[in-house]
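Please model the complete structure; the sequences and the hints are all you need to start from.
Top line first, the protein sequences correspond to chains B, R and V.
The first sequence begins at 6 in our numbering and counts up one residue at a time.
The second sequence begins at 38 in our numbering and counts up one residue at a time.
The third sequence begins at 11 in our numbering and counts up one residue at a time.
If you're looking for bench data, these hints aren't it; they were derived computationally from the structure.
Since we're looking at a predicted model, the values are computed, not measured.
Wrong hints could be hidden among the right ones.
[Stated by the list, open to error] Quick list of simulated restraints, FRET-style, between CB atoms:
{"#": "1", "chain 1": "R", "residue 1": "G196", "chain 2": "V", "residue 2": "I311", "range": "49 to 59 Å"}
{"#": "2", "chain 1": "R", "residue 1": "G196", "chain 2": "V", "residue 2": "G31", "range": "54 to 64 Å"}
{"#": "3", "chain 1": "V", "residue 1": "S142", "chain 2": "R", "residue 2": "S72", "range": "22 to 32 Å"}
{"#": "4", "chain 1": "R", "residue 1": "A303", "chain 2": "B", "residue 2": "P37", "range": "45 to 55 Å"}
{"#": "5", "chain 1": "B", "residue 1": "P37", "chain 2": "V", "residue 2": "G31", "range": "48 to 58 Å"}
{"#": "6", "chain 1": "R", "residue 1": "T121", "chain 2": "B", "residue 2": "N7", "range": "32 to 42 Å"}
{"#": "7", "chain 1": "R", "residue 1": "N65", "chain 2": "V", "residue 2": "L144", "range": "17 to 27 Å"}
{"#": "8", "chain 1": "R", "residue 1": "G196", "chain 2": "V", "residue 2": "L491", "range": "32 to 42 Å"}
{"#": "9", "chain 1": "R", "residue 1": "S306", "chain 2": "V", "residue 2": "S142", "range": "48 to 58 Å"}
{"#": "10", "chain 1": "R", "residue 1": "W86", "chain 2": "V", "residue 2": "P28", "range": "50 to 60 Å"}
{"#": "11", "chain 1": "B", "residue 1": "G147", "chain 2": "R", "residue 2": "N65", "range": "53 to 63 Å"}
{"#": "12", "chain 1": "B", "residue 1": "A146", "chain 2": "R", "residue 2": "A303", "range": "46 to 56 Å"}
[Claimed, not checked] A few chain V positions that, by computed beta-carbon distances, are all more than 12 Å from chain B:
{"#": "13", "residue": "G60"}
{"#": "14", "residue": "S61"}
{"#": "15", "residue": "P160"}
{"#": "16", "residue": "F171"}
{"#": "17", "residue": "T203"}
{"#": "18", "residue": "V227"}
{"#": "19", "residue": "F228"}
{"#": "20", "residue": "L308"}
{"#": "21", "residue": "W353"}
{"#": "22", "residue": "F359"}
{"#": "23", "residue": "M429"}
{"#": "24", "residue": "E507"}
{"#": "25", "residue": "E515"}
Ideal placement from N, C-alpha and C gives every residue a C-beta, glycine not left out.
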Amino acid sequence: MNPDVEQRNKKTVRALLFLVLLMFLFAVALIPLYDILCEITGINGKTRQESSALNYTIDTQRAISFEFITSIGSGTGLEFKADKYQLKVHPGEVISMTYTVRNKTDKRMLAKANPSVTPGPAVSYVKNTKCFCFATQVFEAGETRHLDVQLVVDPVLPARYKRLTFGLTYYDTTI
Amino acid sequence: MVKTKQLFAGLALMTFGLGTAQADYTLNLMEGVTSISRDVYGLHMLVFWVCVVIGIAVFGTMFYSIYFHRKSRGHKASLFHESTKIEIIWTIIPTVILILLAIPATKVMLEMDDTKDSDMSIKVTGWQWKWEYEYLDSGVRFFSSLDEASNKARQLNSGIDPRTVPNYLLEVDKPLVVPINTKIRFLFTAADVIHSWWVPDLGWKKDTIPGYINEAWTSVDKPGTYRGQCTELCGRDHGFMPIVVIAMEKPDYEAWVVEQKQQAVANASAADKEWSAEDLIAKGESVYTNNCASCHMADGAGLAGTFPAITGSALVTGDMDAQVDLMLNGKGMMPAFGQMLDPVDFAAVSTFIRNGLGNSVGDSIQPATIKALQGAIPATEYDDDDD
Amino acid sequence: MSAVVAEHEHDDHHDHGPEKGFLRWIITTNHKDIGTLYLVFALAMFFVGGSMALIIRAELFEPGMQFVSPQFFNSMTTMHALVMVFGAVMPAFVGFANWQIPLMIGAPDMALPRMNNMSFWLLVAGILMLASTLFMEGGAPASGWTLYPPLVLQTGAALPFAIFSVHLLGISSIMGAINIIATIFNMRAPKMTLMKMPLFVWTWLITAFLLIAIMPVFAGAVTMLLTDRFFDTSFFDAAGGGDPVLYQHIFWFFGHPEVYVMILPTFGIASTIIPVFARKPLFGYSSMVYATAAIAFLSFIVWAHHMFTVGMPMAGELYFMYATMLIAIPTGVKIFNWTATMWEGSMTFETPMLFSIAFVVLFTLGGFTGLMMALAPVDFQYHDTYFIVAHFHYTLVPASVFIIMAGAYFWVPKWTGHMYDERLARFHFWLSAISVNILFFPQHFLGLAGMPRRIPDYAVQFADWNMVSSIGAFIFGFSQLLFVYIMYKTVKGGTGEKVSDEVWEDAHKHSLEWSLPSPVPYHTFDTPPEKIPTEHF
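What follows is the structure, encoded as C-alpha cells:
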C-alpha cells in the first residue's frame with residue numbers, strides 16, 4: 006500500500022478510536038447527567054434530602070392534599086404502613102407523618118426505603134427535611150419501629166398541583 | 038339466489054374469520070368506553086386515512102409508472118434526475134400534514150395527563166405474575182391473578198381445549214371493580230420487575246416500574262366488563278396475568294365496597310376458627326395450582342436450576358417455622374406470599390405442600406397462627422371524603 | 011483494463027492468488043473473501059434465527075401451550091432478535107460493504123485488511139458464545155433483546171456470557187466501521203469525490219459513524235448490568251436507589267440508531283439497483299445523501315418514543331412525539347425519489363428489481379405504521395402489541411432482508427461470472443413477497459384487537475389470524491431454502507452462460523464495478539481507475 010495512504014489510515018483510525026472512547030465515556034457520564042436532569046425535571050420523582058431547615062412563609066390561602074403511600078419490594082419481609090393516607094396542608098407548612106415498620110422475619114434485616122413523588126414534575130417543590138429514606142437501616146428479627154418523616158412543600162408550587170403523592174418503597178438490602 | 042348469498046357469506050367468513058366467528062372479533066382498534074379512548078380512536082382513524090390517501094398517491098404513481106414506463110412497451114428512458122422545485126414541494130407537503138396531525142395529538146396528550154380533580158384513587162402494583170389493587174379511599178386491597186380454569190388449560194399439553202374455557206387467559210379470580218362516570222386516578226408501581234397495565238377499552242397503557250409511581254386516569258361511561266393484559270415482558274408468565282375491570286353503576290359499586298369490607302371481617306373470623314388438617318389440605322390444593330404451580334410445577338417437581346422442587350424438599354419436610362417464614366417473606370425470586378394470601382389460604386397451602394405432592398410430614402398449621410404472623414401494624418387511616 | 015491486472019512488483023500477498031484449501035478462509039485478508047465469509051455466515055444465521063422464529067410461530071399456531079415452556083418461548087423471542095440483528099442483518103450488510111465498497115470507489119482493498127479478518131472472526135466468536143447460552147443452567151436470556159433490568163438480572167448462568175458476547179459483537183462492529191470509514195476517506199480513486207460516490211457507499215459511511223457512536227454506549231449499558239448483578243452496584247436497581255428507566259434511556263439511545271444501522275445500507279442498495287433497471291440516473295442524488303444524513307441525525311434525538319408508556323413528563327412526551335414525526339420527512343423524500351427514478355424510465359423487472367420494488371412498497375407500509383405510532387397518545391394503545399411487531403418486521407423483513415436478497419441477485423453474477431436461474435429466482439421472489447405478507451399483515455389486526463407481544467399463548471379470539479400468520483411464516487421460511495439452492499447453483503456454474511462484464515444493460519454507466527471483468531479478479535484496482543462513471547450520463 007502507498008505509504009501516504011497508510012499514514013492517513015493511521016490518522017483516521019486514531020481519530021475514530023478516540024471517538025469510540027469518547028462515546029463510552031459518554032455512556033458512563035449519562036449516569037450523573039441523568040441524575041442532574043432528574044433533579045431538574047423530576048423524571049423519576051426522587052426527592053433529595055435537604056441539608057438545612059427551610060423557612061417558608063406559609064401560604065394559608067390555599068390547601069392541597071398530600072398523600073402518603075407505602076410499598077414493599079418483592080421478597081422484602083417487612084410490614085410497612087403510614088399512620089394516615091392523606092393530610093390537607095398549606096404550602097410552606099411542615100408536614101409530619103409517622104410510619105410503622107415491622108420486620109416479619111425471624112432474621113436480622115438490612116433495609117432501605119426509597120422515595121418517589123407524583124406528579125414527577127412537582128418533585129422539585131417537595132422538600133424533604135427529615136426522612137429515613139436512602140439510609141440503610143437495621144431491623145432485628147420481629148422488631149417494630151416508628152419512623153418520622155418531615156416534608157415541606159415550597160409555596161411557589163404552581164397552582165395546577167392540587168394533590169401531591171409521596172411514596173416510599175422498602176427493599177431488603179441484606180446481602 | 039339464496040345459495041349464491043350463502044356462498045358469498047361463507048367465502049367472506051373464510052376470508053375474514055376462517056369459520057370461527059367470535060363475538061368480540063375485531064380487526065381494528067376498539068373505540069372503548071371513555072372519552073379518552075374515543076379521542077384516541079378518532080386520532081387513530083385520522084392518521085390511518087391520511088396514510089391511505091398518501092399510499093394511494095404514491096403507489097398509484099409508482100404502479101402507473103411500472104405499467105407504462107417499461108422497456109417491453111418500448112418506453113424510452115428520459116434522463117431527468119433533478120428538480121429542486123419538486124424536492125421542495127414534497128418536503129413541504131408532508132411537513133404540513135405532520136403539523137395538522139400534531140395538533141389533535143397534542144390535545145389528547147394533554148387531556149390524558151390531567152389527573153387532578155379525581156374522585157377516587159386506586160393503587161396498582163405489578164407482581165410476577167399478578168396484580169395488586171388497593172383502593173386508597175376505602176382501604177379495600179386484594180390480589181388479582183389468572184383464574185383457575187385458564188390456568189389449568191394453559192399448562193403445557195394440558196389436553197384442555199382453550200376454546201372450551203370461558204374467556205381463556207382473560208379471566209381473573211378477583212376483578213377490579215370501579216364505578217362508572219367517576220374520575221378514577223390510578224397510581225402504578227411494581228414490586229419486582231417492570232410490568233405494564235393495559236385495558237384497551239380505557240384507551241391507554243401505563244408501565245408499572247419498581248421505585249416509581251406513575252399516574253393515569255379514566256372515567257368509564259358504560260357499565261360492563263373490560264379485559265386486558267400485562268404488556269411489558271415480565272418473565273415466564275408474562276402472558277398469564279390478565280386484567281379484568283368491571284364497571285358498575287355507583288350504588289352497585291358502593292354495595293360492592295361494603296361487601297368487600299364484610300368479606301374481610303368474615304375472612305378474619307374464618308382465620309380465627311380451628312381448621313381440620315383435611316379441610317386445609319383440600320383447600321390448599323387449589324391455592325397451590327393458582328399461586329405456586331407456575332414455578333414449582335403442578336406436580337411439585339420444580340424446574341432444575343431455577344425453581345426448587347417441593348417434593349422431597351428439605352425445607353418443606355423439615356421445620357414448619359422455616360417454611361412458613363420463607364413463604365411469608367419471600368427470598369430472591371420467591372415472592373412474599375404473606376401479603377398475597379389471606380390467612381386461611383396461606384395455612385391451607387402450607388399444610389398441603391407438607392402432606393401432598395409426594396410429601397407426608399403429617400403436621401398442619403392453623404390460619405390463626407398465620408394471621409398473627411402476617412400483620413401486627415394497625416391499618417392506615419383512610420379518609421372516605423376525598424375532595 | 012490494465013488497471014485490474016495484478017502487478018507483480020507489489021509486495022506481500024498482492025502477487026499471488028488466494029491461498030489453497032481451507033486455510034484461505036481462516037487467514038484471508040482479501041476484501042472479497044471476507045465479504046464472502048460475512049455473507050455466508052449471515053445466511054447461516056438467517057436460518058438459525060429463522061428456525062427460532064418458526065418455533066415461536068409453531069407455538070402460536072393455535073391457542074394453548076403445545077410445544078415449549080413459556081420460559082423457553084421467551085428465550086426464543088430474545089435469541090431470535092439478537093441473532094437476526096447481530097448475526098444476520100448487520101453482517102450481511104458488512105459483507106456487501108466488504109465486497110462492494112472497494113469496487114465502487116476504485117480501491118485495491120479495504121484500508122485495514124488484517125483488522126478486517128479479525129472483526130469477522132470476533133463476530134463468529136460472539137455469536138457462538140451467545141448461542142452457547144442456550145445450553146446453560148436457567149436457559150438463554152429471556153428478557154427480550156432489549157435486556158431490560160430488573161428482569162434481565164433474573165437470567166440464570168447465561169447472563170455474563172450473553173453480556174460478554176454483546177461486547178464481542180460490539181468490538182467486531184466497531185472495527186468493521188472504522189475500517190469502512192478509513193477505506194472511504196483514504197482509498198478513493200482520485201476522481202471519486204465524495205459527492206460522486208455511489209449511494210451505497212454514502213449510506214455505509216453514515217452507518218459506520220452511527221455504529222461508532224452507539225456501540226460503545228451499548229457496551230457501557232450492558233457492563234453496568236453486569237456490575238449490578240455481580241459487583242453490587244445499583245445503577246438500575248430500584249432497591250439500591252438506582253433507576254430501571256435510566257437503562258431504557260441508554261439502551262434506546264443505542265437502539266434507535268441501531269435500527270437505522272439496519273435500514274440505511276438498505277436504502278443504499280435500493281438506490282443502486284432501481285436506477286440500473288429503470289435505465290435512468292437516480293433522481294435527486296444529493297437530496298438522497300442529505301436525507302440519509304438527516305435520518306441519521308434524527309435517530310439520535312428520538313430514542314424515547316420507544317418509552318412513551320414509562321411515564322415521562324409531558325414536555326418529554328411531546329418533544330419525542332414531534333421529533334419522531336420529523337423522521338417522516340426525509341424518509342418520505344427517499345420514497346418519492348425512488349418513485350421519480352422509476353418515472354419515465356425504461357424499466358425491466360429482473361429479480362433484483364422485483365425485490366427492490368417490493369421493498370419500496372412494503373417499507374412504505376412499515377413507514378405508515380411508524381407514523382401512526384409516532385403519535386404518542388395513540389401509541390399508548392399500539393405500544394408492545396402485535397401492531398408493533400408487524401411494524402418493525404415490515405421495516406426489517408420485506409425491507410432489509412428483501413434488499414439483502416436483491417443485492418445478492420444483483421451482484422452475484424458479477425462476483426462469480428455466472429448467471430443465476432432467472433425463472434427460479436422470480437419464483438423465489440413471488441413466494442417470498444406473498445408469504446411475507448401472509449406472515450406479517452395479519453399481525454396488524456392482532457395488535458389492534460389487543461394482543462400483546464411476547465406472549466406464548468393467547469385468548470381464543472386471536473386464534474384465526476395467528477394461524478394465518480403462522481402459515482405465512484412456514485411458507486416464507488421454507489421458501490428461503492430455494493434462495494440457498496439458487497445461490498449454490500450460481501456459484502457452481504449457474505445457467506452455464508457466460509455473463510458479460512457489465513452484466514446488466516448499461517450498468518457500467520452507474521458504477522465502477524461493472525467495467526471490471528466478470529468474474530471479478532481476486533485483486534482489483536491495484537492502480538486506481540482513470541475514469542469514473544458519473545450519475546449524470
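Verification of the hints:
Range check, R:G196 to V:I311: Cβ separation about 53 Å, and the 49 to 59 Å hint holds. Taking the beta carbon of each, R:G196 and V:G31 are about 56 Å apart, inside 54 to 64 Å as hinted. At roughly 53 Å, the beta-carbon separation of V:S142 and R:S72 lies outside the given 22 to 32 Å, and the hint is violated. Between R:A303 and B:P37, the C-beta spacing of about 54 Å keeps the proposed range 45 to 55 Å intact.
For the pair B:P37 and V:G31, the supplied restraint of 48 to 58 Å holds, since their beta-carbon distance comes to about 55 Å. Our hint of 32 to 42 Å for R:T121 and B:N7 holds, since their Cβ atoms are close to 39 Å apart. Distance hint check for R:N65 and V:L144: the Cβ-Cβ separation is about 39 Å, which falls outside the suggested range of 17 to 27 Å. Between R:G196 and V:L491 the C-beta distance comes to about 34 Å, which sits within the given range of 32 to 42 Å.
For the pair R:S306 and V:S142, the beta carbons lie near 57 Å from each other, so the given range of 48 to 58 Å is met. Between R:W86 and V:P28 the beta carbons are some 58 Å apart, a value that agrees with the proposed interval 50 to 60 Å. Between B:G147 and R:N65 the beta carbon distance is about 57 Å. The supplied range of 53 to 63 Å therefore holds. Against the hinted window of 46 to 56 Å, the Cβ-Cβ separation of B:A146 and R:A303 comes to about 32 Å, which falls outside the hint.
Every C-beta of chain B lies more than 12 Å from that of V:G60, the closest at about 32 Å, which supports listing it as non-interface. No Cβ of chain B approaches the Cβ of V:S61 within 12 Å, the least distance being about 34 Å, so the stated non-interface status holds. Residue-level check failed: V:P160 sits 10 Å from the nearest beta carbon of chain B, not beyond 12 Å. With a minimum CB-CB distance of about 21 Å to chain B, V:F171 clears the 12 Å threshold, and the non-interface call stands.
Look at V:T203: its CB is around 16 Å from the nearest CB on chain B, clear of 12 Å, so calling it non-interface holds up. Non-interface call for V:V227 relative to chain B: violated, since the shortest CB-CB distance, roughly 4 Å, does not exceed 12 Å. Separation of V:F228 from chain B is inadequate, the least Cβ-Cβ distance of about 8 Å not exceeding the 12 Å criterion. For V:L308, the non-interface assignment is confirmed: its Cβ lies about 18 Å from the closest Cβ of chain B, beyond the 12 Å cut-off.
With a least beta-carbon separation of about 40 Å from chain B, V:W353 lies farther than 12 Å from that chain, consistent with its non-interface assignment. The claim that V:F359 is not at the interface with chain B holds, since no C-beta of that chain comes within 12 Å of its own (minimum 41 Å). Distance check for V:M429 against chain B: the nearest CB is about 34 Å away, which clears 12 Å, and the non-interface claim stands. V:E507, annotated as away from the interface, keeps every beta carbon of chain B farther than 12 Å; the closest lies near 37 Å.
The Cβ of V:E515 lies farther than 12 Å from every Cβ of chain B, with a closest approach of about 35 Å, so its non-interface assignment holds.
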